[in-house]
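Asker: Given these sequences and hints, build the entire structure.
2 protein chains.
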Amino acid sequence: MALIVQKFGGTSVADADRIREVADQVARNVRHGNQVILVISAMGKETDELLRLAGDVARLRPGREMDMLITAGERKAIALVAMALADKGLDAVSFTGSQIGFITDTNHMNAKILEVRPERLREALERGQVPVVAGAQGVSTDRDVTFLGRGGSDTTAVAIAHVMAADVCELYTDVSGVYSADPRLVPGARRMAEVTFDELLEMTATGCPKPAMRSVEFARSYGVTLHVRSAFTWEPGTWVREETRESAVEEASVIAVTHDTSDAKVTVERVADHPGVAASLFRRLAERGVNVDMIVQNVSLSGHTDISFTVPQDSFAESLATCRSMLGDLGAKDVTGDEAVGKVSIVGSGMKSDPGVAARMFEALGAAGVNIEMISTSPIRTSCVVRRDQVETAVQVLHQAFDLDA
Amino acid sequence: MALIVQKFGGTSVADADRIREVADQVARNVRHGNQVILVISAMGKETDELLRLAGDVARLRPGREMDMLITAGERKAIALVAMALADKGLDAVSFTGSQIGFITDTNHMNAKILEVRPERLREALERGQVPVVAGAQGVSTDRDVTFLGRGGSDTTAVAIAHVMAADVCELYTDVSGVYSADPRLVPGARRMAEVTFDELLEMTATGCPKPAMRSVEFARSYGVTLHVRSAFTWEPGTWVREETRESAVEEASVIAVTHDTSDAKVTVERVADHPGVAASLFRRLAERGVNVDMIVQNVSLSGHTDISFTVPQDSFAESLATCRSMLGDLGAKDVTGDEAVGKVSIVGSGMKSDPGVAARMFEALGAAGVNIEMISTSPIRTSCVVRRDQVETAVQVLHQAFDLDA
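These protein sequences, in sequence, are chains X and C. Once you know that position 123 of the first sequence is 123 in our numbering, the rest is easy, because the numbers rise by one and skip nothing. Once you know that position 377 of the second sequence is 377 in our numbering, the rest is easy, because the numbers rise by one and skip nothing.
Honestly, the hints are just simulated from the structure, not real lab data. All residues carry an ideal CB built from backbone N, CA and C; glycine is no exception. Don't take each hint at face value.
To be verified - Quick list of simulated restraints, FRET-style, between CB atoms:
1. X:Glu287 with C:Glu235: 45 to 53 Å
2. C:His274 with X:Arg122: 53 to 61 Å
3. X:Leu3 with C:Asn34: 52 to 60 Å
4. C:Asn107 with X:Ser221: 38 to 46 Å
5. X:Arg283 with C:Arg28: 43 to 51 Å
6. X:Arg283 with C:Thr141: 52 to 60 Å
7. C:Arg28 with X:Arg288: 32 to 40 Å
8. X:Leu60 with C:Arg28: 14 to 22 Å
9. C:Arg122 with X:Trp234: 49 to 57 Å
10. C:Gly289 with X:Asp56: 39 to 47 Å
11. C:Glu235 with X:Thr261: 52 to 60 Å
12. C:Arg122 with X:Arg283: 41 to 49 Å
13. X:Arg127 with C:Asp389: 53 to 61 Å
To be verified - A partial selection of chain X residues facing chain C, derived with a Cβ cut-off under 7 Å:
14. Ala16
15. Arg18
16. Asp56
17. Val57
18. Ala58
19. Pro62
20. Leu69
21. Ala72
22. Ala84
23. Ala86
24. Ser94
25. Arg184
Answerer: Here it is in structure tokens:
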């Protein structure tokens, strides 16, 4: 008998039909002799709707109240899922974040889990019940309701899998696993049977939409095996774990191509090239909440250098303004911005031992007429910034160049 | 400085505009130097929508899960109202039933308050905050979320007014007070400046829709002064308190005409007239959850009698079946049912000392050609069952007969 944590959210529980289908699948799992703990996030687009409503009501939206508001979506969903399970003859019992002992810090809208006290969860399992836990929520050390942030339900699921020593944490989604590229761009994209935590982290960091990066980091830290799979086809998806794949010898060095078109590029021209200049720029940006992604600094010519970096588009205006206000301090000439960029990355643990990979990437892009504007690398990833309208072509030629087609 | 509990719900907080208007009014109250505690129920028709959704998801709907579901509506509403208040510059803080210390029994869907521990409420007031409390919810002695039932937000408001010794509990609604008759039926219906608890209880028991009867009983028990008023016009409404009206001398004996078209009539014909027969019938009905309203038993003729009673329409089929199954035990001949009935009542504390009131009622109905099928009385109320299609006429002629027009 296995203990399985199953997380469902968004499209998987978007309406009454979907909820009943999830209940069917859980009932089947329980009949097969497994113990199941469910983690549920809000139905369909409910979180977005609640945020829109808050925007209609007030400009000033205290984090404490936002958390009270948003977490209502998950409460609604757990109650409905528990009813659907009862309807299938299972003894199901819903739990809020507070009831299940998720103690968090007081950082509203993005609270961190401090401790999990799963007494009620254990009692429910001992009674043979199916616990249905509200994702992404907890209670703070100030006894207030807290929200763990977007994607927080995945974190809830991983944390429960960890404290309950579950055999696997299944993250159900509307795609059937982790793909070698976005199937909308690359028809031959392949679902991977298995990836490592590091690979998945690089992929989520460079544009692979699911699962939420924070939950993957959490799973890696605690050695929780993940299974990313579909709540629509119910077929086996992609397993995520620490160990090397068995077929490592034959393994391709690159396993996936990811892309991201949500960033913009900022270039500060002819910055004075002396110690501390870059530091002062990026500290100021950090203070203003700008989340800088790639940074490239060219070789210094005649005591000056150009610094380029990418930021999320919604921080673009703020970034330009910040740089402009610092032109004097930086001894720089000008600031330019470019919103029409995109990022393409290749990812794979095997890259570490395959020095030709980056060159092959640049050649493939060059042959396709895709100009590379910035480059950044990690041991298992190489990313290039290109024109946004060439992102699709870039993903396609790289998927082919590295023989990833199914 | 007065301490005022203000309850808003349904249409008063139906959308973002309404919520902002409520916040405006609260801000005005606070500027005038009052301390305010808000009690909020779900927005618009949200509770109905949650019930519909539950019906779509499952036939078996455990009470514990229904309570988890329904109370989500209030959580959403309190968060939005708190944000709207923050936007007006007030320091507002929302509280769930559990956070505000509403300890209830474990009777889901219709929990009773056992105790209120308002420590966090007191602390919030001491800090100068405006508490925004979720109506109709609590936490059970089993640490589960509980719902106090329909109209439970009024009960929450009255309970808070009681434990905090508030000066008044204002129940805001979409009508501007308690009327001498339904203004949709009687254009000349008059808003009453003041009624007693007993009068309001008789009125709510006989069809006056607001406020919820249970909250009025609670207010009477604890001597909490109520003020039923409009969240749309904000004009003074109807005060409800124990003491006699000042103008008692000139007071009319009848203050209001109410009506109710939600009942059906059942008649058991030629029941054996010996002790215990009626008891066995009404005990069986009670066991099946049928809430019997009026009961009339005719004078016994030749050892047999007819028993008629009214029940809510949704218990009508169950009532007929129960009576049929007992025909033998009752020694009765037949059971007949009639769904086309309605009830018209006159209410007023002054009726106690005015013996001619009932006669005047029957005369007025007779003169209008309205036949009376059943009569039931209390010291301050007389009710008649009539044909449903004559209810409107009956209300109009009675309103005129007792000089209630504005």
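Asker: Do the Cβ positions of Arg283 (chain X) and Thr141 (chain C) conform to the proposed distance bound of 52 to 60 Å?
Answerer: Since the Cβ atoms of Arg283 (chain X) and Thr141 (chain C) sit about 54 Å apart, the hinted range of 52 to 60 Å holds.
Asker: Determine whether the Cβ-Cβ distance between Gly289 (chain C) and Asp56 (chain X) falls within the hinted range of 39 to 47 Å.
Answerer: holds, 42 Å
Asker: Going by Cβ atoms only, is Ala58 (chain X) closer than 7 Å to chain C?
Answerer: Where the cut-off is 7 Å and the nearest Cβ of chain C is about 4 Å from Ala58 (chain X), the hint holds.
Asker: Can Ala84 (chain X) be said to touch chain C, with a Cβ gap under 7 Å?
Answerer: Nearest chain C Cβ about 5 Å off; hint holds.
Asker: Please check whether Ala86 (chain X) passes as an interface residue: C-beta within 7 Å of a C-beta belonging to chain C.
Answerer: holds, 5 Å
Asker: Is the hinted range of 49 to 57 Å satisfied by the C-beta distance from Arg122 (chain C) to Trp234 (chain X)?
Answerer: Cβ of Arg122 (chain C) to Cβ of Trp234 (chain X): about 52 Å, so the range 49 to 57 Å holds.
Asker: Tell me if the interface restraint on Asp56 (chain X) is satisfied: Cβ within less than 7 Å of some Cβ in chain C.
Answerer: Check passed: Cβ of Asp56 (chain X) comes within 4 Å of chain C, closer than 7 Å.
Asker: Can the hint on Ala16 (chain X) be confirmed by a CB-to-CB distance to chain C that is less than 7 Å?
Answerer: holds, 4 Å
Asker: Is 52 to 60 Å respected by the C-beta to C-beta distance linking Glu235 (chain C) and Thr261 (chain X)?
Answerer: Since Glu235 (chain C) and Thr261 (chain X) have Cβ atoms about 56 Å apart, the given range 52 to 60 Å holds.
Asker: Go through the hint on Arg18 (chain X) and say holds or violated, using the shortest Cβ distance to chain C against 7 Å.
Answerer: violated, 10 Å
Asker: Take a look at whether the Cβ-Cβ distance between Arg283 (chain X) and Arg28 (chain C) falls inside 43 to 51 Å.
Answerer: holds, 45 Å
Asker: Under 7 Å, Cβ to Cβ, is where Ala72 (chain X) needs to be relative to chain C, so tell me if that hint holds or is violated.
Answerer: holds, 4 Å
When the structure is compared with the earlier hints, violations turn up for hints 15, 25 and for no others.
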